[in-house]
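Asker: One letter stands for each residue in the lines below.
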Amino acid sequence: MNVRLTKFLLGLGAPLLALALAFGITSLVLIAAGDPVGEVWSTLISWPEQRNQVNIINNAMVLFFSALAVSIGFRMNLFNIGVDGQYRVAVFAAAVVAGEAWLPGYLNTALAIVAAMVAGALWAGFAGLLKATRGVSEVIATIMLNFIATSLVAFLLAKLAVREQGSNIIGTKLIPEGSRIGGFSIGDAPAQVYGFIVFSVLAGLAYWFVLNKTRFGFDLRATGASSTAAVASGVSVKRMTILTMMASGAIAGLVGLPILFGSAYNYGSTFQSGLGFAGIAIALLGRNHPVGIALGALLFAYLDEQSNPLQILVGVSPDIVAITQGVIVLTVVVSYEIVRRYGVKLEQRRVAAELEAMRTTSKQTEEVAR
Amino acid sequence: MTSSPPPADLEKTTTTPSGVPAVRLRGIGKRFPGVIANDDINIDVARGSIHAIVGENGAGKSTLMKILYGVQAPDSGTIEVGGTEVALSSPADAIREGIGMVFQHFMLADNLTVLENVVLGAEKMHGIGGKARTEIRAISDAYGLGVDPDRRVEDLGVGARQRVEILKVLYRGAKVIILDEPTAVLVPQEVDELFGNLRELKREGLSVIFISHKLDEVLSVADEITVVRRGTTVATVDPGSVTSRQLAELMVGAELPTPSTEASTVTDQVLLSVRGMGLADSAGGRPLLSDVSFDIHRGEVLGIAGVEGNGQAELVEAIMGMRPGSTGTITLADVDISGFSTHRRREAGIGYVPEDRHRHGLLLDAPLWENRVLGHQTRKPSAARGLIRRRAAVADTQRIIEAYDVRTPGPDVLARALSGGNQQKLIVGREMSGDPVLLIAAHPTRGVDVGAQGAIWDHIKNARRLGLAVLLISADLDELIGLSDRIEVILRGRLVGSFDPSDVTPDRLGSAMTGAQEATA
Amino acid sequence: MGRTTKFAAAAAASILVLTGCGSNSDDGDSGNGGGGGGDGSGSDVKVGLAYDVGGRGDQSFNDSAAAGLDQAIEEYGVESSESEAEDGEAETAREERLRTFAEAGFDPIVAVGFAYSSAVGVVAAEYPEVHFAIIDDSANELDNVSNLVFAEEQGSFLVGAAAALKSETGTVGFVGGVETPLIQKFEAGYVAGAEAVNPDIEVDVTYLTQVPDFSGFADPARGKTAAQGMFDGGADIVYHAAGGSGGGVFEAAAESDNLAIGVDSDQYNTADPSVQDVIFTSMLKNVDVAVYTFLTEFVENDGEVEPGTTTYDLSVDGVGYSTANEALIGEFETQLDEFKQQIIDGEITVPDAP
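Read top to bottom, the protein sequences are chains A, B and C. Heads up, the first sequence is in the numbering used here, so the first residue is 1 and it goes up one at a time. Heads up, the second sequence is in the numbering used here, so the first residue is 1001 and it goes up one at a time. Heads up, the third sequence is in the numbering used here, so the first residue is 2001 and it goes up one at a time.
Derived by calculation from the structure, the hints in this document are not laboratory data. Fair warning: there could be bad hints in the mix.
[Unchecked claim] Every beta carbon over 12 Å from chain C, so not counted as near; a handful from chain A, in silico:
| no. | residue |
| --- | --- |
| 1 | 20 |
| 2 | 28 |
| 3 | 32 |
| 4 | 38 |
| 5 | 51 |
| 6 | 54 |
| 7 | 88 |
| 8 | 152 |
| 9 | 205 |
| 10 | 295 |
| 11 | 305 |
| 12 | 311 |
| 13 | 315 |
| 14 | 335 |
| 15 | 340 |
| 16 | 355 |
[Stated by the list, open to error] Computed footprint of chain B on chain A, listed as stretches where at least three residues anywhere in the stretch have a Cβ under 8 Å from a Cβ of chain B:
| no. | stretch |
| --- | --- |
| 17 | 110-118 |
| 18 | 267-280 |
[Stated by the list, open to error] Only some residues are given here: those of chain A computed to face chain B with a beta carbon under 8 Å:
| no. | residue |
| --- | --- |
| 19 | 134 |
| 20 | 135 |
| 21 | 206 |
| 22 | 214 |
| 23 | 231 |
| 24 | 233 |
| 25 | 234 |
| 26 | 236 |
| 27 | 354 |
Note that beta-carbon positions come from the ideal geometry of N, C-alpha and C, so glycine has one too.
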């Protein structure tokens, strides 16, 4: 049946339309800024070196978790802006737990991962609780919790941190070697792909399964599609709000872990920040679908990676990459809406046409009967 | 505001319009790919007359109105206004030609005054101050609308809001007013007032195009009736010469079902027992429900009659467990379900056809099979052990589609793509799944075409025959009288009287609903 | 605290001479209408400069490093390319920035800011033949890494003493951008200097943000609020070590008719003219001197630089105080230079942590 084909093409059409639009708009910006358009694009879309490939995959992994966390909220019309704070609290908790090494080897790793997920879930669950019981917008609550998370982690870091001699960087205790997660190499690149990628794949699968195959996922999506209809069907929206925020926070808790276990081995003042906000854009880009999110995360990580040669070899400000990313998100939102409306219209026409065909046949039989 | 002198034969209903018609449509056609929405529509609307357009949902009325109001351009045919052919490519064009539209859903800003709402977007005509106020008063007096320009819209009742909408249109100089299902939101008394206003309008020489489902109303107010079926005008009739039954048959092109019920199946066994139900108003007003008690027996249909806003919606939602704070006990098949969540009540055997199917009954952008799962997330066949069983849900949706005659190409279609009647049939089919013992049907045939209406009536009768207890809430008194075994009247959150449908008339019910002595409230 | 190499003193001394030369030749150049390359052109050295967040044009730390590079370009005609960090970027992004330089044949590579600490460690190990320098960090001990650090506490001591000498209310303030060990060095020196002059002085201390939130270095509004609070509380001079947030401190001083002390570069010369008069002095941290010295050594010794840590302190004029606002600071110069000598002579030991 070509209905499926149509749906598939429509699904593919939106991101392609968005990328084409973004390409055009960014080119205009480059021309307006007087930058060498051709050179910028040829640098941006040159095939990355092996070591860059490693970085792209590693960064994408982190962004993937962030976007996955945001998109769980999106599926229920909850806007979890707090992934940033959640992962910060979580990665700090994991770093402390793993650094203390109460358990040996990978048991320590497992405990730290659980600690991160619990910390993230609680931090986000608090915003969910506020929304469910007091009607506080989760947007406001999570933004506030981001600030609190930043200050809290800074405060605790200052309390617990150890400082290396001669360095201005402070951090938690290093994770013992036996609890680190090794990686694998691509070719002879110096860095390794984080072994945590296994958890990314598992998280993506779990996300898909829970949302599409379980009652919890159905309730979540139903609430997102129409909270009034969900209430009438017996879903407790308050409970779902808290649970969904907690699920979102638990995944947010994984955001910093690939870095923690794969390269940083502790949480310190130079730990990567701002990952929560990129997640929002990527969740939009990936249409809240794990495969889409993975592709979106790879695209963003790729663009980030290419901003270096852009600056050093072409001499163009790396801001152009940020502009491109921003433009992509905007064009994605616009083109998805266009394609969605077109799709609904198409569907309505198809239904009308098929019903019309049914009617005509029945009419003809009627006439024959007369 | 100048109006042309009313023609001499104004009060006479006539099928041959005198002089040049206010609006003349000839051969209007509109195609969407694969669908003919309108085909060869021919209508003449005489000056100073009320012209009704009736037809089933999906017959092409709304497309026709969009064409006349400039929202969509016709593919073929001509529109003449006052004898000259016009091209309407936007509502602004339509307003310029003196065509105004009052939508079913009001477009008023609640926190502004009537004056502010009226001048909004028409500031150039008479300013926004004293001159505009004078003009509004003048129009209000001329047509007996009784609108005070300085009241806030949020303080007005539904009827008054509708009059503000009409005034808005008149203020912009409309000579032809289109009213889309204007009585759907009104109580009987307000309907009468509206009709008074409409007669006033036509006396002043304006033309009214009146779109409706409610055939009795159409017959009582219209001067001419055009029936639309399958996108085309099938007849223009004189209301004096047709019955509502004949009219309905013209609409569906077939024999019509009646709501009348068969032999009583009522038994002694009480299935639903509500005792002392109360619900406080969170805003601090009088209680929304107080001391509501009733029983429904196995095989019995209990009808609840009442003017909208007297507690019916709250009663239903309280029984469904959607109203925190409601008091009293609810016993379903000898189980006290008062403390149950909505979900457990459904599992205990309540089927619920909600009043507003778009808000409470469906996920519009989800496929039909997911809508089948809605409310049955924990029950077979659509789910088991916390997992949704897609294949079984699709198969069961197919069963409902066939058993309840849902017109759709298949279970993967989005709910939004279905017509209102088919959506409702799907909901009824879903709610009858899983062996319910109680079916709550709130306004089950509202906004549903005549064909689907008959089918839904049949399903309710069938539920009764199967031994369910049925709680029926409806604003359509014929429907209540025809289907119910007993009718309770609700007024201000209390049950105020019980009637036997076999010896009650809509008039008597109507006066009980308004509390007789407060008929003008 | 690492080792202060003999070389540093020698190099810095020669730098002072060169600096003088530089400005002279500057004049000469503009006189000639000269284009580009300086006298020593023809060097095939390609310098890669990796900035911290803010990059060239931040009117502060990065700009100072850029000035050192510009001077080297002028003197030796070295080629260069620059790249700046993004706020909150990944560790791998910093590594990759350095790697991209190394891959493209840049040598030496200068990393500005302690955030590059571990990235330099990683990449320097991968490219042992390439030379790296890092500013404000001394954690690396590789043979191809030069650590360029400053005795900020010594310069801060002098401006602290100046503040105490000038203050009429007996209360002065310190606004730190982000509470890091580095900025705490500024605080420690400042407080010690103020107390050396007036043991009873009250020093208000505040930090705008905590790690890992580095926005305190680029938030003038917060800087202004913090300084305003101090002025309202009786302070009449506030010293900031808050990068871009310092502009707010100056504004607050100007609006309340009080004084402020700048940091890193001579902010009397670089700040907005509307607040120029309130800039009492500035604690000079001559990053440009460090960068230029490093590049000079590199060029003149054909790519041979001594690895390890070089501390730029008062004795080599790596840090100091500005006398640009002659009208205000002039009367205290003698006393301040005495303190300076005492520190150089080791008679005063300035603490480097509060």
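Asker: Each hint should be assessed against the structure and marked as holding or not.
Answerer: Evaluation of the provided hints:
1. Distance check on residue 20 of chain A: its Cβ is at least 27 Å (rounded) from any Cβ of chain C, clearing the 12 Å threshold; non-interface status holds.
2. The Cβ of residue 28 of chain A lies farther than 12 Å from every Cβ of chain C, with a closest approach of about 23 Å, so its non-interface assignment holds.
3. With a least beta-carbon separation of about 20 Å from chain C, residue 32 of chain A lies farther than 12 Å from that chain, consistent with its non-interface assignment.
4. No Cβ of chain C approaches the Cβ of residue 38 of chain A within 12 Å, the least distance being about 20 Å, so the stated non-interface status holds.
5. Not every C-beta of chain C lies more than 12 Å from that of residue 51 of chain A, the closest at about 7 Å, which undercuts listing it as non-interface.
6. The claim that residue 54 of chain A is not at the interface with chain C is violated, since a C-beta of that chain comes within 12 Å of its own (minimum 8 Å).
7. Listed as a non-interface residue, residue 88 of chain A fails to keep its Cβ farther than 12 Å from every Cβ of chain C; the least gap is roughly 8 Å.
8. Consistency note on residue 152 of chain A: stated as away from chain C, yet its beta-carbon is not over 12 Å from all of that chain's, at 9 Å minimum.
9. With a least CB separation of 25 Å from chain C, residue 205 of chain A remains clear of the 12 Å interface cut-off, as annotated.
10. Taking the minimum C-beta to C-beta distance to chain C, about 20 Å, the non-interface status of residue 295 of chain A holds against the 12 Å cut.
11. The beta carbon of residue 305 of chain A sits about 7 Å from the closest Cβ of chain C, which is not more than 12 Å, so the claim that it is off the interface is violated.
12. For residue 311 of chain A, the condition that its CB be more than 12 Å from all CB atoms of chain C is violated, with the nearest at approximately 4 Å.
13. The claim that residue 315 of chain A is not at the interface with chain C is violated, since a C-beta of that chain comes within 12 Å of its own (minimum 7 Å).
14. Distance check for residue 335 of chain A against chain C: the nearest CB is about 27 Å away, which clears 12 Å, and the non-interface claim stands.
15. The claim that residue 340 of chain A is not at the interface with chain C holds, since no C-beta of that chain comes within 12 Å of its own (minimum 33 Å).
16. The claim that residue 355 of chain A lies off the interface holds: its Cβ sits roughly 55 Å from the closest Cβ of chain C, which is beyond the 12 Å cut-off.
17. Counting residues of the stretch 110-118 of chain A whose CB falls under 8 Å from any CB of chain B gives 0; the rule of at least 3 is not met.
18. Residues of the stretch 267-280 of chain A with a Cβ under 8 Å from some Cβ of chain B number 0, which does not satisfy the need for three, so the listed coverage is violated.
19. A least Cβ separation of about 15 Å between residue 134 of chain A and chain B goes past the 8 Å threshold, and the interface hint is therefore violated.
20. For the restraint placing residue 135 of chain A at the interface with chain B, the shortest Cβ-Cβ distance is roughly 13 Å, beyond the 8 Å limit, so the hint is violated.
21. Hint status for residue 206 of chain A relative to chain B: violated, with the closest Cβ pair at about 14 Å, above 8 Å.
22. Interface restraint check for residue 214 of chain A: the shortest CB-CB distance to chain B comes to about 6 Å, inside 8 Å, so the restraint holds.
23. Look at residue 231 of chain A: its Cβ gets to within about 6 Å of chain B, closer than 8 Å, so that hint holds up.
24. Restraint check, residue 233 of chain A versus chain B: the minimum CB separation of about 4 Å is within 8 Å; hint holds.
25. Evaluation of the residue 234 of chain A hint against chain B yields a held restraint, the C-beta minimum of about 3 Å falling below 8 Å.
26. Contact between residue 236 of chain A and chain B, as hinted, is supported at the beta carbon level, the nearest pair being about 6 Å apart and thus within 8 Å.
27. The beta carbon of residue 354 of chain A is positioned within 8 Å of a beta carbon in chain B (closest approach about 4 Å), and the interface hint is therefore held.
The structure does not agree with the numbered hints 5, 6, 7, 8, 11, 12, 13, 17, 18, 19, 20 and 21 stated previously, though it agrees with the rest.
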